[in-house]
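Sequence order for the protein chains is W and V. All residue numbers for the first sequence refer to my numbering, where the first residue is 1 and numbers rise by one. All residue numbers for the second sequence refer to my numbering, where the first residue is 1001 and numbers rise by one.
Check each hint, because a few of them may be wrong.
Derived DSSO-like pairs: lysine-lysine, alpha-carbon spacing no greater than 27 Å straight-line [unchecked claim]:
id, chain 1, residue 1, chain 2, residue 2
1, V, K1044, W, K56
2, W, K56, W, K275
3, W, K315, V, K1091
4, V, K1011, W, K91
5, W, K115, W, K91
6, W, K315, W, K6
7, V, K1091, W, K11
8, W, K258, W, K200
9, V, K1026, V, K1268
10, W, K200, W, K268
11, W, K115, W, K248
12, W, K315, V, K1011
13, V, K1258, V, K1200
14, W, K91, V, K1156
15, V, K1168, V, K1157
16, W, K44, V, K1156
17, V, K1305, W, K44
18, V, K1044, W, K26
19, W, K91, V, K1006
20, V, K1056, W, K44
21, W, K211, W, K200
22, V, K1044, W, K44
23, W, K200, W, K146
24, W, K91, V, K1315
25, V, K1091, W, K91
26, W, K11, V, K1315
27, W, K123, W, K6
28, V, K1006, W, K305
29, W, K204, W, K157
30, V, K1044, V, K1026
31, V, K1305, W, K6
32, V, K1044, W, K315
33, V, K1207, V, K1148
34, V, K1315, W, K315
35, V, K1044, W, K91
36, V, K1056, V, K1272
37, W, K162, V, K1091
38, V, K1044, W, K305
39, V, K1266, V, K1207
40, W, K266, W, K283
Derived by calculation from the structure, the hints in this document are not laboratory data.
Protein chains: 2
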Amino acid sequence: MLFLNKHTISKIGRNIIQTAVEDAYKLVLNAGYNMPDRMHVPDKNNTLLLMPCFSKDFFVTKLVTVFPEAPRHDQPAVNGMLVLCDNVCGKPLAIMDGAALTAQRTGAVGGLAVKFLTAQSIKTAGIFGAGVQGLSQARYLLFNRKIKTIYISDLKKESAIKMSQILKAQFNSVEFIVSENPNQLVKNCQVIIAATTSRKPLFKADKNLIKGKTFISIGSFQPDMQEFPDTIIANADNIFVDTMFAVKESGDIAIPIKDNVITEDKIKEFAKILKDRIDPENKTTLFKSVGMALFDLSAASAVYKLALENNLGQKLDF
Amino acid sequence: MLFLNKHTISKIGRNIIQTAVEDAYKLVLNAGYNMPDRMHVPDKNNTLLLMPCFSKDFFVTKLVTVFPEAPRHDQPAVNGMLVLCDNVCGKPLAIMDGAALTAQRTGAVGGLAVKFLTAQSIKTAGIFGAGVQGLSQARYLLFNRKIKTIYISDLKKESAIKMSQILKAQFNSVEFIVSENPNQLVKNCQVIIAATTSRKPLFKADKNLIKGKTFISIGSFQPDMQEFPDTIIANADNIFVDTMFAVKESGDIAIPIKDNVITEDKIKEFAKILKDRIDPENKTTLFKSVGMALFDLSAASAVYKLALENNLGQKLDF
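Chain W on its own, in the form it takes in the complex (with noise of 0.2 Å):
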């Protein structure tokens, strides 16, 4: 048995954590996998999540802890571990950091709408929340596009220029902007994505102002929480999810569906995409994701297999 800690996690290739989701969504379009209702355990003001997947060859069960007050003892709010278990015999495999694994294919969820739904000519992108999630998102986003300029904003200042300075480290080129003007942000930039806690809209806007952009929202995660003004989704051209569980998840869909600013059949399973492209140029696209167990299934699978292949980890006496 493997044990593959956050520094092994966040040093694989973004290619194969890329890859392993594209297969993820590969599996939703021919149902190949078998992912029960993610289970909430709550306990005092923290909530454990379970999240078990199954495919074919393996099974995941990731384990999230939110523990709203465990910044107060200088920790993390949010935990997470990962057991990956062969799916013959049930025999466990490795354990994985959960917050790093999820952070790479959360990364690479948007990669993937950048990928799909955005022109290949795109120069400039904007990015609102300067989080883990968000730091992911810039990395994936520059895997998949030749961005000229980044703006980044935050409600905390210093973590848009923290993350601006980690970046620039990373891809010298790329001019990194701290933005303290989120409808300047979307104006000046081709893809915006948001990747915040945000309960509120996080720019007002005019149809002039999203005409052919691609929105991605990664945050927003309960159905009282959004990112995005519903301008974009009564004007997009094309609305996608991750997982049609984004309908009632997530408050960027459910409200603007429960206001009647749209209705339910324009929303459509980003994994169709892989069968039926769509032309991005000139178009305006909204992608949300709330995340699924699948996704960290996938990835889990192709980091196991990579690491037995490059002896990554560290060995367990199982």
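Put chain V on the given structure of chain W with help from the hints.
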């Protein structure tokens, strides 16, 4: 973070584990825990069980996989993994071999039944089932009582012989007898422990055969499984269960209730014995265990503390 494998957990002293399980019963008395129902996740013919439990300081999630076809590939049908976290910040503390911990804590559940429900003076014992659990029951029995002779019965005589040899090597002064006559075994013994997967009672009994003896049922974890004949529950002076879930989960309780052999109000929670001891002398007693995640939590917490103090296990570079 620590990894504690089968070998390390099997060597933990029985005093440590039995005290931990007794502590779990104390938590039952003062309602000092939160244990959601275990979750059954089916996939093909296999089952994943997720068993979370929270106390003030710690929480565990035990993952158990049941793959009935695995023995065809020379793999065990049941695998387990336990994740221990702190319950203040949700931080993962240790990963433990779930099967080894389950065997230890289940042994201790039987051990405590022996401690509180049999006379100090007993000298003879019988064990049905020579698997992992039967072996652990024998060890905890001998931890609690100075038994002179143990009768061992199993459908596979070789298994009973092997178990008697393993135990003889460890407990040289005890006599081990392989029994092929279940009724003779019951007749000869003062305490009878069953740890089998039997669906039908293991022996036929009249009132005289069972009088004054203690019966401990560890198997029969489903409503259609039964280890002991109804005569015992019908004539017992005391009937205890480790958790009231046993009433619906085990056929040893559910079947006689359904058949109006007894009424549910005769069933008592074992934890109460910590406050109100009984005099087991000349009493006919039935104890039925189905186990619960609270035992895992309490045992895993104790093992973790001991591991820290004694530098046990493998350190994970988290």
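Taking the hints in turn, this is what the structure says about them:
{"no.": "1", "hint": "V:K1044 <-> W:K56", "verdict": "holds (10 Å)"}
{"no.": "2", "hint": "W:K56 <-> W:K275", "verdict": "holds (22 Å)"}
{"no.": "3", "hint": "W:K315 <-> V:K1091", "verdict": "holds (22 Å)"}
{"no.": "4", "hint": "V:K1011 <-> W:K91", "verdict": "holds (23 Å)"}
{"no.": "5", "hint": "W:K115 <-> W:K91", "verdict": "violated (36 Å)"}
{"no.": "6", "hint": "W:K315 <-> W:K6", "verdict": "holds (15 Å)"}
{"no.": "7", "hint": "V:K1091 <-> W:K11", "verdict": "holds (23 Å)"}
{"no.": "8", "hint": "W:K258 <-> W:K200", "verdict": "holds (16 Å)"}
{"no.": "9", "hint": "V:K1026 <-> V:K1268", "verdict": "holds (15 Å)"}
{"no.": "10", "hint": "W:K200 <-> W:K268", "verdict": "holds (24 Å)"}
{"no.": "11", "hint": "W:K115 <-> W:K248", "verdict": "holds (26 Å)"}
{"no.": "12", "hint": "W:K315 <-> V:K1011", "verdict": "holds (21 Å)"}
{"no.": "13", "hint": "V:K1258 <-> V:K1200", "verdict": "holds (16 Å)"}
{"no.": "14", "hint": "W:K91 <-> V:K1156", "verdict": "holds (26 Å)"}
{"no.": "15", "hint": "V:K1168 <-> V:K1157", "verdict": "holds (16 Å)"}
{"no.": "16", "hint": "W:K44 <-> V:K1156", "verdict": "violated (49 Å)"}
{"no.": "17", "hint": "V:K1305 <-> W:K44", "verdict": "holds (24 Å)"}
{"no.": "18", "hint": "V:K1044 <-> W:K26", "verdict": "holds (21 Å)"}
{"no.": "19", "hint": "W:K91 <-> V:K1006", "verdict": "holds (14 Å)"}
{"no.": "20", "hint": "V:K1056 <-> W:K44", "verdict": "holds (10 Å)"}
{"no.": "21", "hint": "W:K211 <-> W:K200", "verdict": "holds (21 Å)"}
{"no.": "22", "hint": "V:K1044 <-> W:K44", "verdict": "violated (35 Å)"}
{"no.": "23", "hint": "W:K200 <-> W:K146", "verdict": "violated (31 Å)"}
{"no.": "24", "hint": "W:K91 <-> V:K1315", "verdict": "holds (22 Å)"}
{"no.": "25", "hint": "V:K1091 <-> W:K91", "verdict": "holds (25 Å)"}
{"no.": "26", "hint": "W:K11 <-> V:K1315", "verdict": "holds (21 Å)"}
{"no.": "27", "hint": "W:K123 <-> W:K6", "verdict": "violated (31 Å)"}
{"no.": "28", "hint": "V:K1006 <-> W:K305", "verdict": "holds (25 Å)"}
{"no.": "29", "hint": "W:K204 <-> W:K157", "verdict": "holds (20 Å)"}
{"no.": "30", "hint": "V:K1044 <-> V:K1026", "verdict": "violated (39 Å)"}
{"no.": "31", "hint": "V:K1305 <-> W:K6", "verdict": "holds (25 Å)"}
{"no.": "32", "hint": "V:K1044 <-> W:K315", "verdict": "violated (30 Å)"}
{"no.": "33", "hint": "V:K1207 <-> V:K1148", "verdict": "holds (25 Å)"}
{"no.": "34", "hint": "V:K1315 <-> W:K315", "verdict": "holds (11 Å)"}
{"no.": "35", "hint": "V:K1044 <-> W:K91", "verdict": "holds (16 Å)"}
{"no.": "36", "hint": "V:K1056 <-> V:K1272", "verdict": "holds (21 Å)"}
{"no.": "37", "hint": "W:K162 <-> V:K1091", "verdict": "holds (26 Å)"}
{"no.": "38", "hint": "V:K1044 <-> W:K305", "verdict": "holds (24 Å)"}
{"no.": "39", "hint": "V:K1266 <-> V:K1207", "verdict": "holds (18 Å)"}
{"no.": "40", "hint": "W:K266 <-> W:K283", "verdict": "holds (15 Å)"}
Violated hints, in rising order: 5, 16, 22, 23, 27, 30, 32; the structure is consistent with all others.
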